[in-house]
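2 protein chains.
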Amino acid sequence: MDSRITEHAKILVDYSCEIQEGDHVVVVVEDYGQELAKEIVKLVAQRGGTTVVIQRPPEMERALLDAAPDEYVDRFPDHLFAMIEKTDAYIKIQSTGNTRALGNASSEKLVKYQLMQKPLKEEILKRKWCGTLFPTNALAQEAGMSLSEYEDFVYRATLRDWEKEAQIMYKVKEIIDKGKDVVIEGEDTELTMSIEGRVAVASVGKHNMPSGEVYTAPVDDSTNGHIYFDIPLVYLGSLIEDVRLMLKDGVIVESSASKNEELLKTLIETDGGSRRLGELGIGTNRGIDRFTQNILFDEKIGDTIHLALGNAYKECNGVNESAIHIDIVKSMKNGKILVDGDILQKNGKWCWEL
Amino acid sequence: MDSRITEHAKILVDYSCEIQEGDHVVVVVEDYGQELAKEIVKLVAQRGGTTVVIQRPPEMERALLDAAPDEYVDRFPDHLFAMIEKTDAYIKIQSTGNTRALGNASSEKLVKYQLMQKPLKEEILKRKWCGTLFPTNALAQEAGMSLSEYEDFVYRATLRDWEKEAQIMYKVKEIIDKGKDVVIEGEDTELTMSIEGRVAVASVGKHNMPSGEVYTAPVDDSTNGHIYFDIPLVYLGSLIEDVRLMLKDGVIVESSASKNEELLKTLIETDGGSRRLGELGIGTNRGIDRFTQNILFDEKIGDTIHLALGNAYKECNGVNESAIHIDIVKSMKNGKILVDGDILQKNGKWCWEL
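Order-wise, the sequence lines are chains G and S. Counted from 1, the first sequence has number 170 at position 170 by the numbering used here; the numbering is strictly sequential. Counted from 1, the second sequence has number 32 at position 32 by the numbering used here; the numbering is strictly sequential.
Derived from the structure by calculation, the hints contain no laboratory data. Warning: the hint list may mix true and false statements.
Copies of the same chain look alike in the list, so a pair counts if it fits in one copy or across any two.
Claimed, not checked - Derived pair list, reagent style DSS-like, types lysine-lysine, alpha-carbon separation capped at 27 angstroms:
1) Lys10 with Lys109
2) Lys171 with Lys86
3) Lys118 with Lys180
4) Lys86 with Lys118
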């Protein structure tokens with residue numbers, strides 16, 4: 001077995017979830033990832049906890065969606081909920097054998113099925129929880145790599161000194177928390193926004209592994225200017241490329257894309273909140289050096305920023321509300337992030353690296 | 001996908017577990033069997049139920065046993081117990097990738113781990129439950145067949161008209177329930193026992209799939225004579241061949257085997273109850289025509305009987321108590337089963353077939 005799987009499990013058990021004696025753990029795998037689950041089971045047992053492994057391949061969920069009559073598709077699994085209520089830590093491992101398994105499912109049923117799961121998800125968020133990924137051929141294919149290359153990519157992003165990574169994120173958070181105005185400058189980009197009264201969250205690897213982002217929410221009505229996103233946006237398997245947005249007093253007034261522009265416009269028109277920004281995020285994971293069509297990784301690419309259309313996070317004191325939250329990522333290798341007029345990052349270097 | 005998997009799932013969902021609207025189901029797979037689990041998930045969704053699939057490969061349990069310190073190995077999974085309490089039907093699918101995965105585990109830890117699971121098992125037995133098997137290479141290897149041959153074997157035993165099979169078992173049960181004395185005659189065999197006051201159970205496929213046996217418990221002190229078992233006994237991976245027993249007033253007074261005789265004698269000497277018989281079973285599944293080292297199948301081979309050393313089942317009004325319950329199977333193709341002097345079966349034909 002690849003020894004990196006053991007290292008990955010150690011990070012999840014000891015750093016992300018801080019498993020203690022007596023903890024009851026649930027691990028969810030999709031198609032693969034059993035080796036990682038096994039290593040987690042071992043470590044949890046060593047720490048004095050117990051583990052239940054649930055297997056939920058997207059192909060199985062698709063079969064359920066196709067088979068269930070409309071009136072049964074949102075049946076709530078009371079037994080699973082009862083287990084989650086007694087769970088201390090929940091680890092979800094992306095490990096699909098086919099990233100398109102749910103692609104052609106009935107969207108009506110999918111929406112019903114996802115709404116049904118809301119109380120489950122809320123219960124999970126009350127516990128220690130972490131989303132992670134086990135490299136599979138399907139995910140490598142989505143990323144445009146061989147499996148070996150992709151394994152190297154995933155473990156380079158994941159097997160990091162997270163205490164050290166966290167220190168960088170806390171530094172960025174401190175600057176943002178103190179700041180009032182942010183300016184993003186770059187290719188075809190000049191965007192200003194207020195972050196006064198907002199709180200930045202350092203995503204140091206407790207809930208996502210890999211992690212590496214600091215995010216906050218712009219003040220409503222405050223964003224002005226234009227921005228060009230050189231990294232594609234993936235929405236349910238569709239690539240939207242070369243997104244350009246123009247904002248006036250917090251509202252998107254113009255938008256374009258070189259590919260799938262119609263889809264972009266439809267997303268922006270979802271509801272009142274989807275015309276506004278819900279998030280400003282700064283990617284800090286320099287182990288992630290390329291776009292792989294997987295938002296767990298893409299939004300954390302080192303030296304990038306991302307803006308989200310739609311819903312803002314309450315933990316940032318964000319107020320914008322929307323049914324959508326869609327991240328769009330931009331490289332900052334040739335650009336600047338300014339906070340209250342001072343450089344936070346320039347051409348991919350933090351102010352303290354310049 | 002092999003369409004027999006769908007038929008298998010239908011039997012489990014509609015016949016064995018009689019899944020109703022609102023039922024919450026737990027399916028446990030080992031290494032494989034995901035195709036069968038998927039078909040169960042589909043059918044349960046169609047009936048208006050929900051399903052959680054747990055994956056528990058023996059290799060993962062072995063890793064746990066090896067990793068857990070002694071004081072942690074019997075930690076009780078409260079969260080799993082909470083789920084079982086809310087579960088209506090529990091389906092366990094044998095589907096291992098290695099039948100020897102637990103073979104060299106610490107037997108002390110294994111005993112602790114199994115004792116820990118007792119309340120879980122008791123909770124499962126209060127619900128609808130069924131044990132079944134998905135053919136894997138490991139199980140085929142254990143049975144001495146290619147995977148294709150083994151698949152044919154498993155589905156020939158499983159995809160039967162269970163209503164019709166049940167009618168045969170109920171006929172046998174009726175004869176046994178009315179009877180007082182049983183005589184088993186055959187090669188090197190002449191055994192008599194009383195079954196007065198005992199109840200026969202027809203195992204018609206509600207808890208085992210495949211099923212096909214009628215079993216009861218002999219009256220203590222009543223068994224006399226000698227018996228030769230032509231089908232090997234498998235105990236934790238060891239084959240005990242050509243078992244011969246001599247009984248006097250219910251107690252085994254002589255025993256021999258052509259292979260692993262010492263192990264046989266050790267088993268018989270486990271405790272007071274292990275020197276007596278806990279069960280007389282009659283295999284009725286003519287889809288099972290050979291020994292495959294798997295007791296789910298072996299004890300149901302058509303036209304066989306089996307006796308168990310040790311513990312008797314309460315549902316038969318059995319009283320013998322022991323830590324062990326070990327079935328030993330004998331072909332009755334050249335023999336007779338007599339109840340109160342009347343032939344129940346002769347040379348592999350029921351009395352109504354003669």
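Hint by hint, here is what the structure shows:
1. Lys10 with Lys109: So Lys10 and Lys109 pass the 27 angstroms test across copies only (24 angstroms; inside, 38 angstroms).
2. Lys171 with Lys86: neither (36 angstroms within a copy, 47 angstroms between copies)
3. Lys118 with Lys180: Neither, since 35 angstroms and 61 angstroms both go past 27 angstroms.
4. Lys86 with Lys118: both (18 angstroms within a copy, 19 angstroms between copies)
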